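Colleague: Chain residues, written in single-letter form:
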Amino acid sequence: EPEVTQTPSHQVTQMGQEVILRCVPISNHLYFYWYRQILGQKVEFLVSFYNNEISEKSEIFDDQFSVERPDGSNFTLKIRSTKLEDSAMYFCASSRRDPMSSYNEQFFGPGTRLTVL
Amino acid sequence: SQKIEQNSEALNIQEGKTATLTCNYTNYSPAYLQWYRQDPGRGPVFLLLIRENEKEKRKERLKVTFDTTLKQSLFHITASQPADSATYLCAFSGGYQKVTFGTGTKLQVIP
Chain A
187 EPEVTQTPSH
197 QVTQMGQEVI
207 LRCVPISNHL
217 YFYWYRQILG
227 QKVEFLVSFY
237 NNEISEKSEI
247 FDDQFSVERP
257 DGSNFTLKIR
267 STKLEDSAMY
277 FCASSRRDPM
287 SSYNEQFFGP
297 GTRLTVL
Chain B
1243 SQKIEQNSEA
1253 LNIQEGKTAT
1263 LTCNYTNYSP
1273 AYLQWYRQDP
1283 GRGPVFLLLI
1293 RENEKEKRKE
1303 RLKVTFDTTL
1313 KQSLFHITAS
1323 QPADSATYLC
1333 AFSGGYQKVT
1343 FGTGTKLQVI
1353 P
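If you read the protein sequences in the order shown, they are chains A and B.
Per the working numbering, numbering through the first sequence is continuous, rising by one, with the last residue being 303.
Per the working numbering, numbering through the second sequence is continuous, rising by one, with the last residue being 1353.
It should be emphasised that the hints constitute simulated quantities derived from the structure, not laboratory data.
Mixed in with the good hints, there may be bad ones.
Label-pair restraints from in silico Cβ distances [what the hints assert, rightly or not]:
#: 1; chain 1: A; residue 1: 260; chain 2: B; residue 2: 1266; range: 16 to 26 angstroms
#: 2; chain 1: B; residue 1: 1254; chain 2: A; residue 2: 206; range: 36 to 46 angstroms
#: 3; chain 1: B; residue 1: 1253; chain 2: A; residue 2: 257; range: 43 to 53 angstroms
Bear in mind the structure is a predicted one, so any value in this text is a computation, not a measurement.
Built from N, CA and C at the ideal position, the CB exists for glycine as well.
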């Protein structure tokens, strides 16, 4: 069964460094998302991406964050200058576009645990 | 402000019994209410979706109800098994938009 994959599974970085988190969504999916979950807290939406542009973003997704779909398979989240409070689990998700349905479920990846020291 | 509230206390239940989890919300008019399962260190896994004009939805041992008057959803797992032990997340969305999650309720099924 196809699944969303994410690399790396764990990333440790120094405060102020740039990190890129990578995701490979399910191949026929057209909607892509990033979420994060700080330890012990709820899963929070960061950004959604469709048709090569951001369709929605949260207050968390400030100028330090960017997303890109550099080729037909990868979807990346970049944090330019990491802060201690960026330490969290980052989940990528994707969903397909079904013209017969107004909703399609989002499939989540296993996550990347980001630790900022 | 919009809130999705789930019981933060863990729910312990004997194997074979029905587990019932509650999700209450305020200042929301969700088009779609969903339930996800999350295991430790893993991403959420979609279980069921119910639309605002539906009262109940079933899938195998799972049942979801949606009461827009009470602003509440109930999630039931019948004949619970130890493998059902996980955190269950209530969530809202509208179409292909973001999913907004509650804090989740941890379910422990005791053999």
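Colleague: None of the hints should be skipped; say for each whether it holds.
Modeller: So, going through the hints one by one against the coordinates:
no.: 1; hint: A:260 to B:1266: 16 to 26 angstroms; result: 39 angstroms, violated
no.: 2; hint: B:1254 to A:206: 36 to 46 angstroms; result: 41 angstroms, holds
no.: 3; hint: B:1253 to A:257: 43 to 53 angstroms; result: 44 angstroms, holds
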